[in-house]
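**Q** Residue strings, one per chain:
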Amino acid sequence: MNTRLWAIVRKEFIHIVRDPRSLAIMFLIPIIQLILLGYAATTDIRRLNTAVYDADRTIQSRQLVEAYRASDYFAIGYYVGSESQMAELLDRGDVRAGIIIPAGYGDNLAGGKTAQVAFLIDGSDPSVATTAFAASQSVGQAQSIKIVQQRLGVDVTQLGGIDIRPRVLYNPELKSANYMIPALIGLIIQMLTSLFTALAIVREREQGTIEQLVVTPIKSWELVVGKVIPPIGVAFFDLLEILVIGVVLFEVPIRGSVPLLLVLSVLFLLTTLGIGLFVSTVARSQQEALMLSFLVLVPGIFLSGFFFPLEAMPGWLQAVSYFIPLRYMLVIIRGIIMKGVGLPVFGDQVIALLILGPVILIGASLRFRKSLE
Amino acid sequence: MIFIQSLTKQFGQTVAVKALSLDVGQGEVFGLIGPDGAGKTTTLRVISTAMAPTAGRVTVGNVDVTREPEVVKTMIGYMPQRFALYPDLTVLENLNFFADVFGSPREQRAGLIERLLGFARLTEFQARQARNLSGGMQKKLALAATLMHRPRVLLLDEPTTGVDPVSRREFWDLLTEVHLEGVTIVITTPYLDEAERCTRVGLMYRGELIACDTPGRLREGIGAVVLEARSAQALQARRVIEAGDGVLAVSTHGDLLRLLVDRAERATTVQVAWQVHGIAVSDLRAVKPRLEDVFVLMLEQMSHPKGDLRDG
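Residue numbers (our numbering), protein chains in the order written: chain A, 3 to 375; chain U, -13 to 298.
Excised from the complex, chain A in its bound form (with noise of 0.2 Å):
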């Protein structure tokens, strides 16, 4: 038993336990960011504010709007008398879609023509347009089928033709926070395991305490080493909180193993912890540290896939994100948790942490070893 590595751990957790404060981010961060990703940033759209500006004013027309208010995507909140009222509207964002329906709608359908209709889609929020204009075209064409087949008088599902049926996998109801809710369980170690090992490191330059460790006969590596035990534990339990907490409040469905998540979190943490040494040994102090790690990492998370998918960035991009460790682990954590796979389609991940973790460690290792002098 090394008992200068143990005596540095048994002083971090004094710390960590010492500082309320420290000890209630720990474990509210999860709590916060889980609550704020399960509820407030999903990308399922229901419900849009529409505005109807209907010139038409007959059965037909009135049919178009209730098929579009029966689809649950829009919401209809105005019927205005202009288009000049419907621009306004949409100027103001009261709504964010409008449907114009011109006169004579209905006698164009009576008479077997072509009706035209305008649907206007506020494109400012591009995921919110394109949902919207997806649905608007949808709901328009069934509606569009629904007419000629009483025109004819026969189903058209008889006369042949393509019929498509998706069937979505793994997240059969699109629920965005069964991608979200695993994913922060990368984000949170990510940030517990760097930012906290960098404070760590850096308070005893702060508080002048590393002079005093240096002239004791202990290493380097027992003092990183009994350093990042204590933030190791906490992003564990913090690992498992997330867990639980999705499972219970989310119905986050885990259809993987959670020992093989544990397991390749290791390899993960390899990576992060060599970040948060990097920090410290350019930091001076606790602030800068806390600045420099957000600078690190928050591009990172931009660059992981966390928030956007890799494949619609630009191929220079898409380079950088090789080099972002938190990228391999999303893949994992979403892959063990949503899909339930194993460890044979992780390869390619596995293989890139064993790459990156050595190198970003022994790399910042060197630096922190000069650093101490």
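To be clear, the hints were calculated from the coordinates, so they are not data collected in a lab. Yeah, the Cβ is synthetic: ideal placement off N, Cα and C, and Gly gets one too. A couple of the hints might just be wrong.
Unchecked claim - DEER-style ranges, computed between Cβ atoms:
# : chain 1 : residue 1 : chain 2 : residue 2 : range
1 : A       : T5        : U       : Q112      : 14 to 22 Å
2 : U       : E93       : A       : V260      : 41 to 49 Å
3 : A       : F29       : U       : E110      : 55 to 63 Å
4 : A       : N173      : U       : R68       : 34 to 42 Å
5 : A       : V246      : U       : T0        : 52 to 60 Å
6 : U       : N48       : A       : V268      : 42 to 50 Å
To be verified - Which bits of chain A does chain U cover? Going by a derived footprint, with three or more residues having C-beta under 8 Å, they are:
# : segment
7 : 16 to 25
8 : 217 to 226
Dock chain U against chain A, hints included.
**A** Chain U in isolation, oriented as in the chain A frame:
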């Protein structure tokens, strides 16, 4: 015990210590003094292995600090100028931490800690967090922590700065106890009354050791006469004689004037000068030089060498 041969330490272009050579014997209490930035702290840091020298050789008990720092670390106890124990750990936890770090055997530890707590008069405060101790108690705790592994050499960097006079005296009583056990001590201090208690004193100036001897011999070798006088107009009295022939330095302490002059006969000249200016001065007499006078004079000579006429 400590042997330093032409030690030089540079930080970039700045030379903190310049070709310093020094030999501290077993059982000495060696006082290192000098103005801020003279290189005292850097010297202690190199001896303590906290910093590598740029050039030169330093050994502690014949062990080279650069070649075998791990051995040196077990032989020395270093107390940095700034309080360097953990403020959120209790007195006892701090001591236990350093005991663990130095690998002191569990069986002997309880007795040793009890003895050190008693020694530092901290027994009743052992459960108190270090941040809640007074400045003086923190210094005593730091001293106790550096003694945890029974070092043969103590390196103390301004251990009494910012501490009240009673605590200072208490701290020196502790040092005397340690000294009597045969521990060699190197201490830096801004207080020259403390330097008087050392077996030898070294004066550093701009990275160099400009004088090094016992306090007694340094006082005898001052090469000047110290005069004291009292005056209600001490400041004016000082002004009229300051630039006079043979007057090396003048200082005022309330109504007390302290003069360093080159010969005893200067007493007459200065008295005449005061009379001419109508300044009432009484009790003019020669007194025994103090260490402080020695250093005031030496620093004066270093910053204005003889024959340097640049600003008179």
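**Q** Each hint needs a verdict: does it hold in this structure or not?
**A** So, going through the hints one by one against the coordinates:
1. T5(A) - Q112(U): 14 to 22 Å: Holds, at about 21 Å.
2. E93(U) - V260(A): 41 to 49 Å: Hint holds: Cβ distance 44 Å, inside 41 to 49 Å.
3. F29(A) - E110(U): 55 to 63 Å: Distance hint for F29(A), E110(U) is violated at roughly 35 Å.
4. N173(A) - R68(U): 34 to 42 Å: violated (56 Å)
5. V246(A) - T0(U): 52 to 60 Å: holds (57 Å)
6. N48(U) - V268(A): 42 to 50 Å: Check passed, 46 Å falls within 42 to 50 Å.
7. 16 to 25: holds (count 4)
8. 217 to 226: holds (count 4)
In summary, the numbered hints that this structure violates are 3 and 4.
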